[in-house]
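Here the protein sequences line up with chains A and B, keeping their order.
Residue 127 in this note's numbering is what sits at position 127 of the first sequence, and the numbering runs on without skipping anything.
Residue 537 in this note's numbering is what sits at position 287 of the second sequence, and the numbering runs on without skipping anything.
It should be emphasised that the hints constitute simulated quantities derived from the structure, not laboratory data.
A few of these clues could be false.
Straight-line distance between alpha carbons at most 27 Å, and here's what the computed DSS-like set of lysine-lysine pairs gives [stated by the list, open to error]:
1) Lys99(A) with Lys120(A)
2) Lys120(A) with Lys533(B)
3) Lys433(B) with Lys99(A)
4) Lys533(B) with Lys433(B)
5) Lys433(B) with Lys120(A)
6) Lys99(A) with Lys69(A)
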Amino acid sequence: MSNQANAVELQRLVRRYGARHVLNQIDLTIRASEFVAVLGPSGTGKTTLLRILSGLDRADGGTVRLAAKRAVVFQEPRLVPARRVWENVVLGESGEDAKRAASRALGEVGLSGHAQAWPKTLSGGEAQRVALARALVHEPALLLLDEPFASLDALTRIRMHGLVEQLWRRHRPAVVLVTHDVDEAILLADRVLVLADGRISLDMSVGIDRPRRKASPEFDRLRTRLLVQLGVVDHAQAPPEEIPEPIATP
Amino acid sequence: MSQHSTPTAAFQAPAQPFLVDLSPRADRTRWSVALQAWGGSFRRVASPLALLLLWQLVVELAIVPRQVLPAPSQIVAAFGELIETGELQRALPASIGRSLLGLAIGGGIGLVIGLFAGLWRIGEEIFDAPLQMLRTVPFIAAVPLFIIWFGIDEPVKIIVILAATIFPVYLNTYAGVRGVDPKLIEAATIFGLSHPRIIRHVILPTAMPSILVGIRYAAGISLLALVVAEQINARAGIGYILTNANTNQRSDILIAGIIVYAALGILTDIIMRRVEAAVLPWKPQHAVA
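Pulled out of the complex, with its shape left as it was, chain B reads as follows (with noise of 0.2 Å):
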């Protein structure tokens, strides 16, 4: 114990023991850590199932009236109804198509124009200025725009969600292709390697984990851009079916309606992760939300 030998010491610091305890507690035995495990994984369930059982509950009590809100049980019901007439069957390709063609079309201009302007100086001083302005435009403020320029059927849907997805694929590319370690670069040259081979061996390998997620957050994006496409003058999809929902103030369909769409988010987001998983073997898959 140290002694402060200071003559004008009006304090003095209470005596302190020069070893602290720092073992195990008997306290924390398997049963505890069991117990707080299960606690944990337990509220995590429990918390969503709470707010439906109390949703429902609002609604049997009559404290919101149902064409407001309606409850769980209703919007199980309006499913049924949806699979039953056939609606959702016919809907779902509808949607899904359109998505896709517009993701295909819209990602594959993205990717090729990310290509170029990472590969090739001369391409990133074309397309990169154009791109970035371009980006900041919120695609959602450009559709009455687009009504003028390409009419209310199909095509303009496909633009729609084309101009949505083009920037997220182009951004990731290109970042991914110049992200590349000029130091694996330098020594693939000493290594004889050709320009080609280069890109070839070397860039594009490792560019592709961002050229992926790009994609990846693009394939989000064309779902946004779908409900947003599908509420220009729908004729077939999940669009319709909402836009029906609304004329008849059917707010159980409605909401049914929004949860397709978020399935069909989550379900995209779980094949693009599997994909991701597939290609880059070489990949440390991390565990992201």
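Just chain A, with the same shape it has in the complex (with noise of 0.2 Å):
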């Protein structure tokens, strides 16, 4: 019944907190190598909508049907530190096969002399670098990135941005990206949600051409646009007699 083409799907999605709906009736659907992203102030839901697409929670009801191969890059680059970058590249296996992929993954990451290091000698970004590298090992159908950048340094960020586009390119995973970084979502997503009090509030989709231009009006449309929804005045930015009314939650 369920559609190939699909990476996730999700049928009122039910996940409560003793007595609060923290997801309160998702229907979500997204399909194969689709880069979405999912928006929203902290607590509303995001990660714990993350926690279940990677199995790691239960949802309380509903539906939920995932592709079977998954992979997560966590806020942190959790890393074994007792083992070598090729070895946490490749968590478990050993090994000719597994280190030439270990090395063809480092090398898409820009990695390729760090195979032997340990993960302490690495920095943030680097870290980081190789939790895609891990991620995307073994070619996973859905890529699920919880605020991976959250906490690189600003110039570090910008240079990930265009390593996930690039990465997401040759390998054309499905991709959930939770982030609070509206500019992010819209200069990576195709489609973008804002999740409020447990509903999806907003659902947009992205129809600007790669590369993006973050100056762009399209892109400045857009960001205006996803800021009203989150609730949020830039006054650096639009004049405010253009500001649009919010989109309320059905």
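Grab the two chains, each in its own frame, and use the hints to assemble them into the complex.
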């Protein structure tokens, strides 16, 4: 019954913590290779949603169908400190095949020379790149990114955006990117969801052709739209008269 | 310069310059810095040397009788005596052998139970409470009980050492395993690792530093336990030398024996630190006392 071309099929998904509905009747379908960003302030259930998509958490109600091969990149790199970088990329495996696969994955993220290094010697950005390599080495159908660049400095973040887009083009997994950063969402994703009060309050497609320019008028329009939906006014940006009304959650 | 314009200002702060001068001082030359550093090392070495000289002097001037406090020169002579008669060479293997055997058995038990309790809830439920209770018993106080149970020959000595070394290894192994970041385990779960593989590739390697600290601490304790154990009717070993020295009122040999124990302790610590550095190449080595 499920469409082979979908990476995620959620119907009437419910997740409760005590009396609170963290996720309340979420319906969401994500197609193969689709890049989806999920925006929302802290505590709205973005991370809960991601944990359910990764299989770490169970829903309390509704249907959850997910691609079998999934991978996650967390906010922290979560590398095993007692294992070398290449061993972390192919965690749990050994042998020449594994080593080659690790080498290739590390080459894609620009860390070929670091295969034998210990994780403690890596910078934050490098460690996250290893985490990306680890996520992609087995060609997942669904890649989940939980605020992966939140703890990196702004300059490294710019580089990482470029890297993620490049990797997505090559490997074509469906991607769910949970982020606070509106610009990041518009830059990378085909589709942006806004979560509020456990529901999807906005599901908007980003129609801009790639490569996208942050300074372009379309980008600006989308940014304003999303900020309004998030309830944030950026006085450094849109003039007050042009701010549209947010869409009320159905 | 700010002027306070309060009408009732009875006190006015003295006029402060706007800038303060924090330029490098001319007198902090390379020489004065070098001299300061050199002075430090000199004092560090000179202090114990001065104490030794003072000690020697105190005895030479008969301020304290030789019987009570032998001079450093006498202690060196005592060492010479022990080596010439071959006593030290016989005693050391006996003592070290006891210590190692007790450490191996006690450490082994502590390791196995620690892993069991750390990795599985049921292990924790069975073992943790009794071990936490037992570890507060000072093993020295338990020696008379051990003598009643196990006699006064070789076995009881090993048992004393064994009993003392179980606990540091158990506690550190348990803490090391339980202390592995759950986020790491989560990540490994997502990447499809089975439970046994997670134990082998994530938990054990990450817990290894704690486990080794436990073993290092147990190695130190095993020497302490050795001293205590060798007080029980020793027939060989450093404790035997000390018992004899005590009988013959040879305080110089007593002190020499104590120094041997201390040297063994330092050696053990150095060896264990080397082992740790070799087994944990990924860990940045901190210089701790």
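Quick rundown of the hints versus the structure:
1. Lys99(A) with Lys120(A): Roughly 20 Å separates the two Cα atoms, so the pair holds.
2. Lys120(A) with Lys533(B): 8 Å, holds
3. Lys433(B) with Lys99(A): Holds, because 25 Å separates the two Cα atoms, which is no more than 27 Å.
4. Lys533(B) with Lys433(B): 19 Å, holds
5. Lys433(B) with Lys120(A): 16 Å, holds
6. Lys99(A) with Lys69(A): 21 Å, holds
Hint compliance for this structure: every hint is met.
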